[in-house]
Every structure is written in C-alpha cells, then in structure tokens.
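Novice: Following the hints, put chain W in place on chain B, whose structure we already have.
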Amino acid sequence: MQMVAAAKMRRAQDAIAAARPYAQRLDRLLKQLHQSVDTQEQPLFAERAVQRVALVVVTSDRGLCGGFNSNLCRRVQAELGEYADAEVELITVGRKGRDFFNARGYTIASHHADVFSRLEFARATAIAQDLTRRFAAAETDRVLLCYSEFVSVAAQVPVVSQLLPIVPEEGAVEAADYTFEPGPEQLLETLVPRQVNFQIWRALLESNAGFFAAQMTAMDNATKNAGDLIEELTREVNKERQASITLELMDIIGGAEAVAQ
Amino acid sequence: MPMQLQIITAEREVFSGEVDALVAPGVAGQLGILPNHAPLMTVLEPGELLVRTGGDDSYLALSGGYLEVLGNQVIVLADAAEDVDEIDEARAQEALARAQERISSRETDIELEQAVASLRRAQVRVTVARRRRSTPHRSLSRQAQQ
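Heads up: the protein sequence lines correspond to chains B and W, in order. Counting in my numbering, the first sequence runs from 2 upward without gaps. Counting in my numbering, the second sequence runs from 3 upward without gaps.
Because the hints were derived from the structure by calculation, they are not lab data. Computed from a prediction, not measured in an experiment: that's the story for all the values here. Please note that the accuracy of each hint is not assured.
What the hints assert, rightly or not - Looking from chain B toward chain W, a few residues come up when the C-beta cut is under 8 Å (computed):
1) 23
2) 122
3) 179
4) 191
Just so you know, even glycine gets a beta-carbon here, dropped at the ideal spot from N, CA and C.
Chain B extracted, bound-state conformation (with noise of 0.2 Å):
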C-alpha cells in the first residue's frame, strides 16, 4: 500500500507541475490587467462587512492517511471560533471533511462527493461557478478555501486562504502597449472566474497529492512500528519459553536429587 500510494502520489505530483505554467501566465495576465482597470467596480472584488461566510473544505475521500484530514479539519474549526457572529456555510470535498463536520453537530449546505476518483478540471470549475454567482449576487460575503498544501512528502500544512472577494496582487509586470479586445474591463470580467476556478482546482490537485503523501508515510510509519512490536513480542515470547524451560529443568534437577538420596 505504501508503494501504490507513493506511485499515485508522483503522478499527482505531475499534474500539480503540469498545472504551473497555466498559473504563471493567468497571474501575468491579470497582473497586466490589474494595471488597466479599476477592480472597485468588480463585482469579485466588492468587500463587504461579513455576514455570511462560506467555507470551502477540501479533504480526502479515504483515510488511513495518518493526521491529514484531522488536522485541517481542526484548522477550519479554529476558523471557525472568528466567525461567531456571521452566519456560516461549509462546501465539503471529500467524505472524510463531512464526515467530520456532521460528527459534531455542523450542517453541511452542500457536499462534492467522489470527486478524487476521477480528478479533472471540469470538477473543479463546477464547485467554483456555484461560489461565484453566488458571491456576486451577494448571497455570500467572503469565501474562504482550506485545504492541505502539499510542501514536501513529509509536510502537508493546512492552509486557509480567501477564495473571495479576490485581493488584488500587488506588483508591477513589464508594460506593453497592448490592444485589448474586447476592453479590459470585460477582459478582466471574464478573467476573474476563471481565475478562481483555477485555485479550486489547485486546491483539489494539492490536496490529492497531499492526501498520497501522507499515506504513504502513514503506511511507512505502520510497516516500521509492526517490525518494532513484532522484535519485540518475538524477544517476551522467548523470555516465557526460557522460563519454562528453566523451571522444567529444576523439576527435573530436583526429582533426580530425591531419586539419588
């Protein structure tokens, strides 16, 4: 198992690589836009006192997978505590994030099942078209996303990050005197959704990879403490058996002796 889990983890690793370029040139583009537009006027930039707040939690479908699930989940509780006074709505990937959440009382306003079994980009773009037209319709305030990036086969952090109203980036990119078509405005309009589709779907694919990572060093850490408990019961059982041993010994040591005498 920890073998299966580290192949699937190099291929989730491959489609988080995969992904990148798409990222570099979105945030390049939006950037560039960002220099031209006034995002005041966007809907997906509207910041408004938080009433209601939705999160989106992003965990695994299976377990055996050591802390990961508990510990973002415990992450999002802790989140949770700052918003008291609004009214919350969780989004659960994953079975084991609702399984969690409805353990404990929360109602869950809707739930993406089996959505790791076949990973593709339409997945994610389908949980985003949701937030965002909700968002823009201002049924939602803010949307935060949490989910376990992926640092290392060691570390899988839980992360918390605001899916909306979107923060624009600060920093400058190289100017060119480019045509827009049509003005950038609308460029920007169309731009932003997919902009937070594609975190989703970061999310999901940091997720996933995470997810085999820590399962493969859940199933590492398994094989090495059954390889411990194993010397070790092995080493009592041969205590006992010497102890037996000894004892027969002496019977007979001793039955001997009386037979001499």
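Specialist: Just chain W, lined up with the frame of chain B:
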C-alpha cells in the same frame, strides 16, 4: 520568421513550438495572427484554432479562453483544447444531440445558457473531428514530438 506558440490549459501544456500562422476564434470574429503581430490580449470563443506550420495545417477544438500576443510570442490560455486525433467523433455527436435536447426542454435561463454553451462546444468538436476525414492535416501533438 516563425513565431513561438504555446497552448496551455489548466491540466496540461497542449502544444509549444514554432508556427508560421494562426487563425483563432476571437470574440469579434476570426482572428488571423502572423509573426510580429502587435501586442494583443483578447478573449476567445469556443471554436476552431488553425495552426499553420510550414505547409501543414493543424486544427484544434477550443472551448474558449484567452490569447495573448507579445513580442512574437503567442500564448493561448484555453479552457480546454483538443487535438483532432483526441476527439472521439461519436461521443461529440452524442454530446451535440444531448445539448440540443436540453435546449428544447429548457426550464430556466441559466440552464438554457449552459445548454447553449455546451451545444457550441459540441459543434466545434464535431467540426474539428470531421477535418480528420476531409482535409489533409497533421496532428499537433505528433508534430511536437518530432
């Protein structure tokens, strides 16, 4: 002098290499791009993307995206892009029929919008798939391997 073309989706890099000309489905109509085009940023509609390298034409089915031209380099950020060889025509036809059905039995405006969008994507894929039979072409993905 050829220009650099890069076609990327969120899932993978579809193509990267030198090409001579490009015809893309822009929002304001077909958009022809030759080397040394002025800097441009535009939205692409679902449609066919024609790539010309040497004397060979290749077609890709695009389902919308962006096109950026800067310094003899063209970047297509596609929502999805499929090479002629990657399209299963039968499946595309099926999707087309499904979308048509959904349009005729529409219930809400949002559904209609989605149905129209998937209809257009399906149409594009069918058109591109037919290219395989009617016109001589080369597969972009195969070209990239060479």
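Novice: Hint by hint, note whether the structure agrees.
Specialist: Each hint, compared with the structure:
no.	hint	in the structure
1	23	holds (5 Å)
2	122	holds (5 Å)
3	179	holds (5 Å)
4	191	holds (6 Å)
Of the numbered hints listed earlier, not one is contradicted by the structure.
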